[in-house]
Amino acid sequence: MPRFSSPSVPPLSPTGRSFLTAASASVRRSSPPPLASVRSHPALAKCIFTSFNSDLFDQVISECNEHSLQLQSLIRKIEEQNLDMQTTRNEDHFGAVIHHLSLVRNKRCLMAYMYNRAEIIQGLRWKVGPVLPQEMQEKVNYLEEEYFKDHSAAIESYMSEMDLDLTVDMVPPKDPYIQVRVLDDIGEVCLDDHSISLAKHSLHFLRRTDAEPFISQGLMEEFLE
Amino acid sequence: MSGPWSEEAEEDASLLAGTTDVELIKRAWRNEKAAPEILQFEGPLVLRVREQIQLLEETVEESTENGSNDLVVSLYQMDLDRTLFLLRSYLRIRLQKIEKYMIHISKTNLWNRLSEQEKKFTKRCTEIMEKLLEQSVLARLPYGYKSFLKQSISSEEDDMVPEPQLDTFVFCKAKDAVGAFQLDDSGDEIVDLVADDLLNIGQSNLHLLRGAKGRGIVHCKHLLDYGVFVGVPGDNLNYSETSYCLN
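Just so you know, the sequences run in chain order H and E. Throughout the first sequence, residue numbering follows our numbering, covering 1 to 225 in sequence. Throughout the second sequence, residue numbering follows our numbering, covering 1 to 247 in sequence.
Just chain H, with the same shape it has in the complex:
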């Protein structure tokens, strides 16, 4: 009798969500604490995202193919006995059903895994801009990186058709001007037809709409007294 489910695949709810949260939580616990010297991107602080688990992913895929082989052989067996596929209810039929359901379950897991990761990745376009931060680039696989670029381009072409930048103004404006602290050497920048030097650690009073792109890239922060 073949194994129906390898122990490496945790059980899951029909949507596959619990599988994903459980998986990411356990991976998070086992990973070493981040180095203090690596400054995390502020927008990623609350984001739980782990490296693409390609080993587990490949295992589930090969399990799917094994289920398929077993399923085919059981169906052949029923056919060889000249039994009617639609009405036969013997052990081979129920064996085939179990293989089918396991396969479908694995498919849901894999799809949910990719889909949920894609949702997080596409959400980053709104939070950090068109370039994936270094720490995210290490965690996505090349298909996901491609997905981020494609999705980013889709948003950009919508914005250029509408002639409106939707990535600024993420919070309701209180004041047209805000005080910001520069976190990195940005250099000379031309804002509203006068240039301004944005040196590291300097404080500035800028138009909120001018400052927002820098803030979302993690180059500035709002300075609150």
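These are calculated hints, taken from the structure and not from any lab test. Any given hint might turn out to be false.
[Claimed, not checked] In silico lysine-lysine, DSS-like type, Cα no more than 25 Å apart, as pairs: (1) K120(E) / K149(H); (2) K127(H) / K131(E); (3) K149(H) / K119(E); (4) K127(H) / K120(E); (5) K150(E) / K97(E).
[Said to hold, decoys possible] One side of the interface only, derived from the structure: several residues of chain H facing chain E at Cβ under 10 Å: (6) H67; (7) I98; (8) H100; (9) M111; (10) Q122; (11) M159; (12) E161; (13) L164; (14) M170; (15) D175; (16) T209.
[Stated by the list, open to error] Selected chain E positions facing chain H (Cβ under 8 Å, derived; list incomplete): (17) S74; (18) R82; (19) L84; (20) R92; (21) L95; (22) E99; (23) I103; (24) H104; (25) Q135; (26) A139; (27) L141; (28) Y145; (29) Q151.
Predicted, not measured: the structure shown is a model, and the values here were computed from it. We put the beta carbon where it would ideally sit given N, CA and C, even for glycine.
Given the coordinates of chain H, assemble chain E onto it according to the supplied hints.
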């Protein structure tokens, strides 16, 4: 004493509400934000608001050139910023709903609620999501399990499409007197909806409705608004984020 919340001011405010485009986009934005599914795109309204934004921008520019009072300029600027925020946030919420439910939207009559640009965006999003799932999962699965929309070829309908949960609770505010209204199919719950009146908010015109029913009223009778009220009824009315907006 006539304070800011006197009846007279209240009346003026309610007269103004629903008449200016900024008020209308604020309502559209609030409804979009609170509704579980995507609503009809307010095309003409968005166009008008954009025209007004352009006008405001010109005013700000002129005033700056004329060397008008800084305070006046910054007030114009603030008004401009707030309207721009409403517009951007409105469009953004819609895009984010599309990102989430693109396949469901393209398969149902929700499709007709999108603007032309949103339709293009939906198509593109679906293509790239399909490409991702195709290349990572579907191409590697055995024959019969390669469908993007179905779990397997034995599925009769598309059973792998994420849909918004419509049967959820939403807040609603009556825009007008609806009268006795049956909330529940079983007929157990009958609510008397009275006209929207801020002074009356503590009495009975803020209702928690099951999404499906609430939607029924919003769409069929056009009498209700989705709302994002926080705080207890009877408390000073709090619109959460909308309180930033100038009237």
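For each hint, the structure was consulted:
The suggested pairing of K120(E) with K149(H) holds, with an alpha-carbon distance near 17 Å, which does not exceed 25 Å. With a C-alpha separation of about 24 Å, the suggested pairing of K127(H) with K131(E) holds against the 25 Å cut-off. Between K149(H) and K119(E), the direct Cα distance comes to roughly 20 Å. Compliance with the 25 Å bound is thereby established for this hinted pair. Between K127(H) and K120(E) the alpha-carbon distance is near 23 Å, which keeps this suggested pair within the 25 Å criterion.
Restraint check for K150(E) and K97(E): satisfied, since their Cα atoms lie roughly 22 Å apart, inside the 25 Å limit. Restraint check, H67(H) versus chain E: the minimum CB separation of about 8 Å is within 10 Å; hint holds. Of the supplied interface hints, the one on I98(H) is violated, with its beta-carbon coming no nearer than about 14 Å to a beta-carbon of chain E, more than 10 Å. With a least beta-carbon distance of about 7 Å to chain E, the hint placing H100(H) at the interface is held under the 10 Å criterion.
The beta carbon of M111(H) is positioned within 10 Å of a beta carbon in chain E (closest approach about 6 Å), and the interface hint is therefore held. A cut of 10 Å between beta carbons decides the hint on Q122(H): the least distance to chain E is about 6 Å, and the hint holds. A cut of 10 Å between beta carbons decides the hint on M159(H): the least distance to chain E is about 9 Å, and the hint holds. Satisfaction of the interface hint for E161(H) is found here, the shortest Cβ-Cβ separation to chain E being roughly 5 Å, below the 10 Å cut-off.
The closest approach between the C-beta of L164(H) and any C-beta of chain E is roughly 7 Å, which is under the 10 Å cut-off, so the hint is satisfied. Evaluation of the M170(H) hint against chain E yields a held restraint, the C-beta minimum of about 8 Å falling below 10 Å. Among the interface hints, the one on D175(H) holds; its C-beta lies about 7 Å from the nearest C-beta in chain E, closer than the 10 Å criterion. Taken as an interface hint, T209(H) checks out: its beta carbon lies about 7 Å from the nearest beta carbon of chain E, inside 10 Å.
Against a cut-off of 8 Å between C-beta atoms, the interface hint on S74(E) holds, since the closest Cβ of chain H lies about 6 Å away. Taking 8 Å as the C-beta cut-off, the interface hint given for R82(E) holds, the closest approach to chain H being about 6 Å. With a least beta-carbon distance of about 6 Å to chain H, the hint placing L84(E) at the interface is held under the 8 Å criterion. Annotation: interface hint on R92(E) holds; nearest CB of chain H at approximately 5 Å, less than 8 Å.
At its closest, the beta carbon of L95(E) sits 7 Å from a beta carbon of chain H; the interface hint therefore holds under the 8 Å criterion. Satisfaction of the interface hint for E99(E) is found here, the shortest Cβ-Cβ separation to chain H being roughly 6 Å, below the 8 Å cut-off. Annotation: I103(E) was flagged as interfacial toward chain H, and the flag is violated, the nearest CB pair being 11 Å apart, outside 8 Å. Because the smallest distance between the Cβ of H104(E) and any Cβ of chain H comes to about 13 Å, over 8 Å, the interface hint for this residue is violated.
For Q135(E), the shortest C-beta to C-beta distance to chain H is roughly 6 Å, which falls under 8 Å, so the interface hint holds. A cut of 8 Å between beta carbons decides the hint on A139(E): the least distance to chain H is about 10 Å, and the hint is violated. With a least beta-carbon distance of about 6 Å to chain H, the hint placing L141(E) at the interface is held under the 8 Å criterion. Because the smallest distance between the Cβ of Y145(E) and any Cβ of chain H comes to about 6 Å, under 8 Å, the interface hint for this residue holds.
Interface restraint check for Q151(E): the shortest CB-CB distance to chain H comes to about 5 Å, inside 8 Å, so the restraint holds.
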